[in-house]
Amino acid sequence: KQGIEGEKVDKKLTINDIAKMSGVAKSTVSRYLNGGSVRPSTGQKIKKIIEENNYEPNVFARLKAKESRVIGLTVPGFDSVTTPRLVEVIVEYLKKNDYTPLIMHTGNKIAEEIRSIERLKNMNVDGIMVLATGSTKEYEEVVEKLQIPILFLGQRFPGANSIINDDYNAGYKIGEYIGKRDFEEVYLLWVSKEDPAVGGERQRGVIDGLFSCGKEPTEVIETSFFYEDAIHNVEKLTEKLKKPAALICATDRIAQGAYKVLYEKEIAIPDEVSVVGFGDYETGELMRPPLTTVKFDWRNWGESSAETMLQMIQQKPVSTIQVNPYEFIERKSVR
Numbered sequence: 237k238q239g240i241e242g243e244k245v246d247k248k249l250t251i252n253d254i255a256k257m258s259g260v261a262k263s264t265v266s267r268y269l270n271g272g273s274v275r276p277s278t279g280q281k282i283k284k285i286i287e288e289n290n291y292e293p294n295v296f297a298r299l300k301a302k303e304s305r306v307i308g309l310t311v312p313g314f315d316s317v318t319t320p321r322l323v324e325v326i327v328e329y330l331k332k333n334d335y336t337p338l339i340m341h342t343g344n345k346i347a348e349e350i351r352s353i354e355r356l357k358n359m360n361v362d363g364i365m366v367l368a369t370g371s372t373k374e375y376e377e378v379v380e381k382l383q384i385p386i387l388f389l390g391q392r393f394p395g396a397n398s399i400i401n402d403d404y405n406a407g408y409k410i411g412e413y414i415g416k417r418d419f420e421e422v423y424l425l426w427v428s429k430e431d432p433a434v435g436g437e438r439q440r441g442v443i444d445g446l447f448s449c450g451k452e453p454t455e456v457i458e459t460s461f462f463y464e465d466a467i468h469n470v471e472k473l474t475e476k477l478k479k480p481a482a483l484i485c486a487t488d489r490i491a492q493g494a495y496k497v498l499y500e501k502e503i504a505i506p507d508e509v510s511v512v513g514f515g516d517y518e519t520g521e522l523m524r525p526p527l528t529t530v531k532f533d534w535r536n537w538g539e540s541s542a543e544t545m546l547q548m549i550q551q552k553p554v555s556t557i558q559v560n561p562y563e564f565i566e567r568k569s570v571r
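In terms of the working numbering, the sequence shown opens at residue 237 and continues consecutively.
By construction, these hints were calculated from the structure, which means they are not laboratory data.
Built from N, CA and C at the ideal position, the CB exists for glycine as well.
Some hints here could point you the wrong way.
DSS-like mimics (lysine-lysine), calculated; alpha carbons at most 30 Å apart, straight line [as the list claims (entries may be wrong)]:
| id | residue 1 | residue 2 |
| --- | --- | --- |
| 1 | 568 | 451 |
| 2 | 416 | 451 |
| 3 | 531 | 472 |
| 4 | 409 | 331 |
| 5 | 472 | 496 |
| 6 | 332 | 451 |
| 7 | 373 | 345 |
| 8 | 357 | 345 |
| 9 | 345 | 262 |
| 10 | 416 | 501 |
For each label pair, taking beta carbons as the anchor points, the in silico distance ranges come out as [unchecked claim]:
| id | residue 1 | residue 2 | range |
| --- | --- | --- | --- |
| 11 | 339 | 547 | 18 to 24 Å |
| 12 | 496 | 351 | 35 to 41 Å |
| 13 | 384 | 468 | 40 to 46 Å |
| 14 | 266 | 558 | 21 to 27 Å |
| 15 | 448 | 525 | 22 to 28 Å |
| 16 | 440 | 384 | 29 to 35 Å |
| 17 | 526 | 277 | 55 to 61 Å |
| 18 | 334 | 553 | 18 to 24 Å |
| 19 | 333 | 280 | 18 to 24 Å |
| 20 | 259 | 348 | 30 to 36 Å |
| 21 | 382 | 343 | 56 to 62 Å |
Turn these sequences into a full structure, and let the hints steer you where they fit.
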C-alpha cells in the first residue's frame, strides 16, 4: 500500500491476516491469543508470524474473550513519589507475562474506588489490583460479590488478599530511635487515621516505640500528604517549639515541608530541631543535612504484587497477608 508521497504504509495486521498466513482457521488464532489449547506446531507457527509482524492484539476485543489477559489496576492518584514507581514495576511485570494492565484513577475517593472495581469486573478483566485508600462496609460487600481475583496493595482489606508495607515495625523503629535521645519535645506531623496504614499502623508503631523508651508525643499534629499543607502546619508549630525538639513526619514529603520552614526561620537542623521521615525519596540524600528516614522496597513490592496476582488468576494458593520489608536509613538530620 502506497502513501501520498509513494512511501510504504504498514497495514495493521488482523486475526484474519494471521489465520491466512498460518493456514489455520480464524477461531484457532483467536483461541491461541486467548490462552486456549492449540497444537504445539500450530502455536509455534502463529507465534512466529505474530513476532515477525509485531502484532498487538486489540485490548477491547480481548475483553470479550473468556480469558481477557487484561488486569485492572486502580490508583488513588499520581501525585506521590511512590505510586508512579510502583505502577511502573507492576506494568512492566504484567507486560512481560503477556498481560495488559488497564489503569483507573480514583482521586483518593473510596466511592470512586468501588465504582472502578465494579466497572472493571463488568469489562471482564481477569483480575483486579487495588492501590487502596481504606475500606467501608459497602466496599467489603462489593468485594465479597466479585467472584474474580482481587488483590489490595498498601492496606489490609477484611476478607481479601493484601500486600502491605511493614508500617508498624518501621514506625516502632523510628519511635525508639528518637525516644533514646534527649529532646524537650517530640511532635508527630501525621496524616488522618482515614488512611489505616500510614495514619493508623505507622503512627501506632511510632508511639509504641517512643513509649518503650519512657517517652510520648508532645502533640500529634494532623496534616495531609501534600507538601503545601505540611508547610502551613510547621509554620504554626514553630511559634511554640521548645528546643531541642524532634519532628517525626509521616512521609518524606512532609519532612521536606518541615525543612523549608525551618530553613526560612533560620532554625538549625539537627542542632535545634531534628527531623525524620518515611519513604527514602531520592531527594533525601540531597537535602541539607541529608534526611534520616525509612526505606520500603517498592520494587520488591511491585514485582511480588504482580506475581501474586498472576498466581491468583491461575488459582494457585497465596498468603492472605504479605508484608513488604523496610530498611532504616540513618543520615544527619537527628542530633
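Contradicted hints - numbers only: 4, 6, 9, 14, 20, 21
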